[in-house]
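J.: Listed here are the chains, written in short residue letters.
4 protein chains.
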Amino acid sequence: MPDLALLQGIHDEALPLIGQGRVADYIPALAGVPANRLGIAICTADGELLGAGDYLDPFSIQSISKVFSLIQAMSLYEEQELWSRVGKEPSGNPFNSLVQLEFEHGIPRNPFINAGALVVSDMLQGRLSAPKHRMLELVRELSGNQHIVCDKVVARSEYEHSARNAAICYLMKSFGNFHNDVDGVMKSYFNHCAIRMSCADLARAFFFLANKGVCLGGRRMISERQSRQVNALLATCGLYDGAGEFAYRVGMPGKSGVGGGIVAVVPGELSVCVWSPELDPSGNSLAGTRMLELLAKRLGRSIF
Amino acid sequence: MPDLALLQGIHDEALPLIGQGRVADYIPALAGVPANRLGIAICTADGELLGAGDYLDPFSIQSISKVFSLIQAMSLYEEQELWSRVGKEPSGNPFNSLVQLEFEHGIPRNPFINAGALVVSDMLQGRLSAPKHRMLELVRELSGNQHIVCDKVVARSEYEHSARNAAICYLMKSFGNFHNDVDGVMKSYFNHCAIRMSCADLARAFFFLANKGVCLGGRRMISERQSRQVNALLATCGLYDGAGEFAYRVGMPGKSGVGGGIVAVVPGELSVCVWSPELDPSGNSLAGTRMLELLAKRLGRSIF
Amino acid sequence: MPDLALLQGIHDEALPLIGQGRVADYIPALAGVPANRLGIAICTADGELLGAGDYLDPFSIQSISKVFSLIQAMSLYEEQELWSRVGKEPSGNPFNSLVQLEFEHGIPRNPFINAGALVVSDMLQGRLSAPKHRMLELVRELSGNQHIVCDKVVARSEYEHSARNAAICYLMKSFGNFHNDVDGVMKSYFNHCAIRMSCADLARAFFFLANKGVCLGGRRMISERQSRQVNALLATCGLYDGAGEFAYRVGMPGKSGVGGGIVAVVPGELSVCVWSPELDPSGNSLAGTRMLELLAKRLGRSIF
Amino acid sequence: MPDLALLQGIHDEALPLIGQGRVADYIPALAGVPANRLGIAICTADGELLGAGDYLDPFSIQSISKVFSLIQAMSLYEEQELWSRVGKEPSGNPFNSLVQLEFEHGIPRNPFINAGALVVSDMLQGRLSAPKHRMLELVRELSGNQHIVCDKVVARSEYEHSARNAAICYLMKSFGNFHNDVDGVMKSYFNHCAIRMSCADLARAFFFLANKGVCLGGRRMISERQSRQVNALLATCGLYDGAGEFAYRVGMPGKSGVGGGIVAVVPGELSVCVWSPELDPSGNSLAGTRMLELLAKRLGRSIF
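Residue numbers (my numbering), protein chains in the order written: chain R, 1 to 304; chain P, 1 to 304; chain W, 1 to 304; chain A, 1 to 304.
Excised from the complex, chain R in its bound form (with noise of 0.2 Å):
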């Protein structure tokens, strides 16, 4: 069983990585983020929250939004209508390349590439009425936190850096895969990425994901084989282009955003979010994924 000693422990162990990745620098926004942050927290089974470190700091949760997203277009539309649209299989090329997208006629291989989430979000841009607002209610109810909020500034950041993610929403759309005005449809997606929650609020949020669809409040987000579903598919396409050496390291379904989080799970075991901002050369947190490899073997704790 995971306990305070063993996270606080993880923490130490993980702290002399600091330094050694580096902080992402697309955006000025992001760029700004202090390095030496490093933050573990766990929610167990019974629904209990450990954590060490940072943990309790709100940060850019980032790519890591693209599963709520993807919660949210399974429970608006049928499944048949969704993998349409967006596969399931890892990309095998950077988050976001436009030749893959290009030769698979403007199909993205996942929905957790850019393409992938970009269309999820034109998808919920034409069922819901206020998008971003929708978002702010899910991830405040998964992790019981009602005072998340998205940063402005960050979402403002990425829009003015947002060339190539236009040309993959109008590669889409030539292909048509895009219903959606673009600019609307990534000013959505741009909050989602700007939203700040805390390894606390992640681990718990999550938690539905180990606990066979229900959340933390008790809610039932998705059904069972929806929950496995999900969690097959961030084990295989969670990690942008570092998915395998994740699963052969760590071995848990996870996914990781650009601000230096990432979350996992052990079904019906644990949710675990990790945090330090700096990554490594393929978009991951460099301390955060070394506090994972060490859990899983504290622990002794994998899927497989």
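Misleading hints may appear alongside valid ones.
To be verified - To be clear about the criterion: a stretch of chain W counts as covered by chain A if any three or more of its residues have a C-beta under 8 Å from a C-beta of chain A, and this derived list gives those stretches: (1) 33 to 42; (2) 80 to 93; (3) 248 to 261.
Unchecked claim - Not the full set, but computed from the structure, chain R residues with beta-carbon under 8 Å of chain P: (4) D25; (5) G47; (6) H105; (7) R109; (8) N110; (9) Y248; (10) L299; (11) S302; (12) F304.
Simulated from the structure, these hints should not be mistaken for lab results.
This one's a predicted model, so the numbers in the text were calculated from it and none came from an experiment.
Think of the CB as a built atom: it goes at the ideal place given N, C-alpha and C, for glycine as much as any other residue.
With chain R held as given, fit chains P, W and A onto it using these hints.
T.: Same frame as chain R, but now just chains P, W and A:
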């Protein structure tokens, strides 16, 4: 708990799918296999074997042999040396594509695509004096069946249609990632692919991956950690370009072959092998995948 | 020497090809053009114009406008600045592909594929106060026809189907190779494409490339050296993915448009324009290419 | 009219470029060539030969041999059969890339990239009893020099570093576009590449392409039409990935080799060969290209 009635029920439910797929026909020797075969065998945690349908019929294991080759290489080479010559990431491309291999300077994406298995065979060739014989010894020990043999007609037929595999080997050689004679390595490789085993043999042979690295006979084949790593690789890369879909539908680490076999594992619980020669468009057994999907559903077992 | 009988003979011999190609239909406004048009006009070294068939009918010049844009950019920018933003090599890819553009960091292969013409338009936008008007002035002067106009319906129709071109622009912007507002540049670009000129207009307008840079009216448009350079670019890159075949069959520097026009030049001897709306699979006028092939054969004229 | 003073002036002006390029070093036998050589030879319309610098030194013709192979194939095969196995378009990719070849189902883009020359060699192998000897006969007749030989050391060295070319051959074989034994064809191919000729030899040998297909000795090698076609192919595809730049700067159909030689032609006027072993980043002779550029400028001769 799985029992005979469960397996028989799954078998019967999948039976009507026969006729909807296509037997592999890229080599004449495989095209001649009767299309209407259907078998399933399970090896439970306590080592008991259950089977239904044609589960005792031997068939060509084809790419399933890539797992055995990897196991051999893991015991012959240091972790670092092995993974410097082959990656751990899903390929996102057809199993025999040269495009990615050229872009990535002759380092194959993972050991379960052709390029990766060929480089692993090249490594075995460099360390084993009689690689074909040693492979037979391995599969006989793992399955407890001393009568397993290689089908020389299939091996020769593969060799006579090996131009693309030769292209792959020479491309890796041009990048310095292939050291032995191409012809010699390909002959070993095709001999491994042409080994004939039944569902019963394969379910037993893969027991060690459900049993933390210890095979049915009691010998430790690989460490517990290595066993987790192999399962992780199978989950992310084991089904060619259909790994994500397989994870989504079945949720078990697995490996398929164009002979129509698929092996899969639920760590700590069971190993399973299904067989039906007709393939889906991704090259995986159509009825076989369905049987695994039904098994996961009925047992409520999946790694997710 | 070309004479009217020669042109009429070529026209008559190509006439039976009508019905074998396909009118461009990616925008409704172009799809409505009568398919059975066929015209040819030649401007000889002494400036005389000869024509046959529908050589006085105006049609949508489409990509032929890319040559006019390049000429403008050559007069507005230093050689080095211009060619740092667009290359001089054949693309070996469809005219609107994004793949190569991504691999080559947003620098288009040449000014005659869409990406290249869009970056040239972006450059014009940065230096000209009224780019659409200036383009009309240019083609009117070159052809000596003050009545040339832009077809606003076609321009609008192009704009309404511009998702792929928008993707191209944003991709270049993401690499820092596109500086102005995407919408504004695309509007200018589509206006240039939608200019309507006849074979007579275009044969006259391209006379300067057969005349060392001096147009029919006597004004030097570009230097003799630049004239050779433009012809060299046309010979290697002027016919999309069919430049080699066109050189092989026709042997003249040329530029085609999906409106069915093709202009070509024998330096020192003549400029020629053919028109027939039905296209071959490469997107070049089917009967038009045939007329040019016959002309080269009958006159024994080619640059090779 | 070109005269000795002109050639000597061009030679002297290019001389300071020596030291700025890099001698090909992918095979040891080529890396040993003295880097400071510089020669130019012209064969005028009346068959006169002029030369300056090291124009009588033989060097390894390398890819220039691809033109001779094509000429042989054009005389042995029907036009349609030949061009069904190799294309006529620029490749837009490095000369030895497999990517495009795989996408285009084993049909090489043109006869002047490695894949194309290898398929042409495969065709020659199928029709000629002693292909190496016949090639020597051809180049001896074309140049009027009976002492031309193949450098066996270079040929062997090429063969020992042939993994990538083998990959190309096997890939084409897998698509059904390569019929003979790979090793045998490669040996012929490398023998052709290893032929040693001087600038004088090559300027004379290419005279037929400036003379409507008739060689210096008076024999018609190919028809006038075929001569134009070969020049067209050279103009669009003769300089690897630098054909556009070469056309822009020099404006003559030409073919380069990694031995540092470049041949070029102004139809009806002259054939020329330059040589200097140091290459630019595209693999074309650095000082050689400069000499051709100066020649075009001084003579005012170009096809454009």
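J.: Determine for every hint whether it applies to the structure shown.
T.: Status of the hints after comparison with the structure:
Check on the segment 33 to 42 of chain W: 0 of its residues sit with their Cβ under 8 Å from a Cβ of chain A, so the three-residue criterion for coverage is violated. Taking a C-beta to C-beta cut-off of 8 Å, the segment 80 to 93 of chain W contributes 7 residues in contact with chain A, enough for the three needed, and the coverage statement holds. Counting residues of the segment 248 to 261 of chain W whose CB lies closer than 8 Å to any CB of chain A gives 3, which reaches the minimum of 3, so the coverage claim holds. Against a cut-off of 8 Å between C-beta atoms, the interface hint on D25 of chain R is violated, since the closest Cβ of chain P lies about 25 Å away.
The closest approach between the C-beta of G47 of chain R and any C-beta of chain P is roughly 20 Å, which is over the 8 Å cut-off, so the hint fails. Taken as an interface hint, H105 of chain R does not check out: its beta carbon lies about 15 Å from the nearest beta carbon of chain P, beyond 8 Å. Annotation: R109 of chain R was flagged as interfacial toward chain P, and the flag holds, the nearest CB pair being 7 Å apart, inside 8 Å. Satisfaction of the interface hint for N110 of chain R is found here, the shortest Cβ-Cβ separation to chain P being roughly 6 Å, below the 8 Å cut-off.
This hint holds: Y248 of chain R has a C-beta 5 Å from the nearest C-beta of chain P, less than the 8 Å allowed. A distance limit of 8 Å between C-beta atoms decides the matter here; for L299 of chain R the minimum to chain P is near 13 Å, and the interface restraint is violated. Because the beta carbon of S302 of chain R sits about 5 Å from the nearest beta carbon in chain P, less than 8 Å, this interface hint is met. Hint status for F304 of chain R relative to chain P: holds, with the closest Cβ pair at about 4 Å, below 8 Å.
The structure shown violates the earlier hints numbered 1, 4, 5, 6 and 10.
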